[in-house]
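First to last, the sequence lines map onto chains A and D.
Just so it is clear: in the first sequence, position 202 is 202 by this note's numbering, and no numbers are missing.
Just so it is clear: in the second sequence, position 79 is 1079 by this note's numbering, and no numbers are missing.
For the record, the hints were derived by calculation from the structure and aren't laboratory data.
All of these numbers come straight from a predicted model, not from anything done at the bench.
Do not take every clue at face value.
[What the hints assert, rightly or not] Covered, in the sense of this in silico footprint (three residues per stretch, anywhere, with C-beta under 8 Å from a C-beta of chain D), are these stretches of chain A: (1) 28–41; (2) 89–96; (3) 175–188; (4) 344–352; (5) 374–384.
[Claimed, not checked] Computed beta-carbon distance windows for the label pairs: (6) A:Gly-454 with D:Thr-1008: 54 to 62 Å; (7) A:Pro-236 with D:Glu-1074: 22 to 30 Å; (8) D:Glu-1068 with A:Thr-38: 47 to 55 Å; (9) D:Gln-1061 with A:Gly-385: 39 to 47 Å; (10) D:Cys-1092 with A:Lys-364: 52 to 60 Å; (11) A:Glu-254 with D:Asn-1058: 53 to 61 Å; (12) A:Leu-278 with D:Gly-1029: 42 to 50 Å.
Quick reminder that beta carbons are idealized off the backbone N, C-alpha and C, glycines included.
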Amino acid sequence: MDLLGKTIKELKQILADKKISSKELFEYFEKRRKQYNTQVNSYITDISYEEAVKDVGEGALSGIPLAIKDNFCINRVRTTASSKVLDNFIAPYNATVINRLRSAGALTLGKTNMDAWAHGSSTETSDYGPSRNPWDTDRAPGGSSGGSAVSVSAYLSPAAIGSETAGSIRQPASWTGVVGLKPTYGRVSRYGVIAMGSSLDCPGPFSLNVEDSAYILQQLAGKDNYDATSSEHEVPDYIAEMKKERKMTIGIAEEYLEGLDPDVLKSFEQSIEVFKKLGHTIRNVKLISPKYAISVYTIIQRAEVSSNLARYDGIRYGNDRSYFGEEAKRRVMFGTYTLSYGYYDAFYKKAQKVRTLIMEDFKKVFKDVDVIFAPTTPVTALKLGEFAKYPFFGEMMDVLNEPGAVSGIPAINIPTGLDRNNLPIGMQIMGNYFDEGTILNLAHQFEKETEYFGVIKKGLERYR
Amino acid sequence: MSSSNDLTKEETIHLSHLANLPLSDAEVGQFAKKLGETAEYVNNLKKLPTDNVKGTANTAQIKNVYMEDGEKNERGLTKEDLGLNGKKKENCFVVNRIM
Chain A
1 MDLLGKTIKE LKQILADKKI SSKELFEYFE KRRKQYNTQV NSYITDISYE
51 EAVKDVGEGA LSGIPLAIKD NFCINRVRTT ASSKVLDNFI APYNATVINR
101 LRSAGALTLG KTNMDAWAHG SSTETSDYGP SRNPWDTDRA PGGSSGGSAV
151 SVSAYLSPAA IGSETAGSIR QPASWTGVVG LKPTYGRVSR YGVIAMGSSL
201 DCPGPFSLNV EDSAYILQQL AGKDNYDATS SEHEVPDYIA EMKKERKMTI
251 GIAEEYLEGL DPDVLKSFEQ SIEVFKKLGH TIRNVKLISP KYAISVYTII
301 QRAEVSSNLA RYDGIRYGND RSYFGEEAKR RVMFGTYTLS YGYYDAFYKK
351 AQKVRTLIME DFKKVFKDVD VIFAPTTPVT ALKLGEFAKY PFFGEMMDVL
401 NEPGAVSGIP AINIPTGLDR NNLPIGMQIM GNYFDEGTIL NLAHQFEKET
451 EYFGVIKKGL ERYR
Chain D
1001 MSSSNDLTKE ETIHLSHLAN LPLSDAEVGQ FAKKLGETAE YVNNLKKLPT
1051 DNVKGTANTA QIKNVYMEDG EKNERGLTKE DLGLNGKKKE NCFVVNRIM
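Hey, can you work out the whole structure from these sequences and the hints?
So this is what it looks like as structure tokens:
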């Protein structure tokens, strides 16, 4: 049976009809990993079927294999966050995300590569080598959840779990041509996720279609007693929300259309036409320039990094602090600087205040529009090595993701076409707080209308 | 080339002590410059007036999260779990000598 590109929903049906067993399905992805992982370096730790089925429940994801970013703790599985500091770390418990997936019957295929500690936008800061973009293996897949994006793009798993602090789901999803959903901050528990920026980190799914992302979010969303920042906000039926017939008002801000590659802009404009044709109203809105969000993000994230990485002392677990790579050191140093005596008010406190301004700005605009559209990234996938040439380059690649990240709103990346080099282009739909239902709905409408102009299908065919 | 935002060598070494990060001489020079560059960029925030604006630490605006006394500890981490990754254990963690 040809399983290539089957979605979670389709695989569930195939399993229910007993056309294959869950073990055979797991082995299918193990075989693909064996065939392609040396080319794309998606997985850095494999999990055997015997380990994966241990203590797994029955539910909405029974028998569905998933790839997991290596910053999620899985009990008795090596968990490194792609850093040699944690080279030999065996997690002693499950992250809440893992517990929920396993309770729903999902099987974990393995751990995927990432920028070390999720510091980066290319997967090149991984201590286990960069992941490679399935569309052109000389190019970066984006990051930090690069390995998870690659695994879905090359169908080394039907869907994957990543995490985003600012762009780490949307940007690699855009560069590898798949769907990636960053939920509202607090929608999904961070318990057991190796912390990067604790006031920013959001776990979320990568998938081949919108429905699968909605389906996974349904399993993950909700209050968790072990993460005090997880929200009690009601969890709706995301599939029902996705399928509603709705006409919406869509906001577009000029501030997000500056300095774009012409192909990215063209694809974005074509996508707007699709939404117009579907009967939605487009309205121009004004938002604070994303360049300020870069600064807010840089300060807050590095401050939180310096605090979160302070625990790695090599005594209770892991190697000592001399094992940190250059990027982690740079961030810890700047974070320490912004929090130190005499600089706290000018940097950290100021950034927290501007964060309030950016949040208020979004809240005001969401009184007039249901969603905000923007390209996900200013350019398509860059060649490996490009990032190191420019200071601050990673932050610039995430410029369009950072306002949403610092304000905590949800957003989804969907593929919208290919550029002149045959590389995927993505756009993002940003929604109001805890309104994942609306962004899933619009993304689904676009998917039904266009099938992403064949982007996802074309990507999969390369890895038949 | 150095700019006015570069940190001094002494400031950089002081930060590395605060951060408990061992740095080589070369790294000290490199970070003095890099931290200065980053500080220069983020200074654009000064252009936005924030008088009377309160800072945001938690975007979900959650306050006062408590657990009930005696709530079941589902985590149930055992002594074995906690010691799983300690390097030199004889039923205890061996720490660095501080005196």
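Against the structure, the hints:
{"no.": "1", "hint": "28–41", "verdict": "violated (count 0)"}
{"no.": "2", "hint": "89–96", "verdict": "holds (count 4)"}
{"no.": "3", "hint": "175–188", "verdict": "holds (count 3)"}
{"no.": "4", "hint": "344–352", "verdict": "holds (count 5)"}
{"no.": "5", "hint": "374–384", "verdict": "violated (count 0)"}
{"no.": "6", "hint": "A:Gly-454 with D:Thr-1008: 54 to 62 Å", "verdict": "holds, 57 Å"}
{"no.": "7", "hint": "A:Pro-236 with D:Glu-1074: 22 to 30 Å", "verdict": "holds, 26 Å"}
{"no.": "8", "hint": "D:Glu-1068 with A:Thr-38: 47 to 55 Å", "verdict": "holds, 51 Å"}
{"no.": "9", "hint": "D:Gln-1061 with A:Gly-385: 39 to 47 Å", "verdict": "holds, 42 Å"}
{"no.": "10", "hint": "D:Cys-1092 with A:Lys-364: 52 to 60 Å", "verdict": "holds, 56 Å"}
{"no.": "11", "hint": "A:Glu-254 with D:Asn-1058: 53 to 61 Å", "verdict": "violated, 30 Å"}
{"no.": "12", "hint": "A:Leu-278 with D:Gly-1029: 42 to 50 Å", "verdict": "violated, 57 Å"}
When each numbered hint is compared with the structure, violations occur for hints 1, 5, 11, 12.
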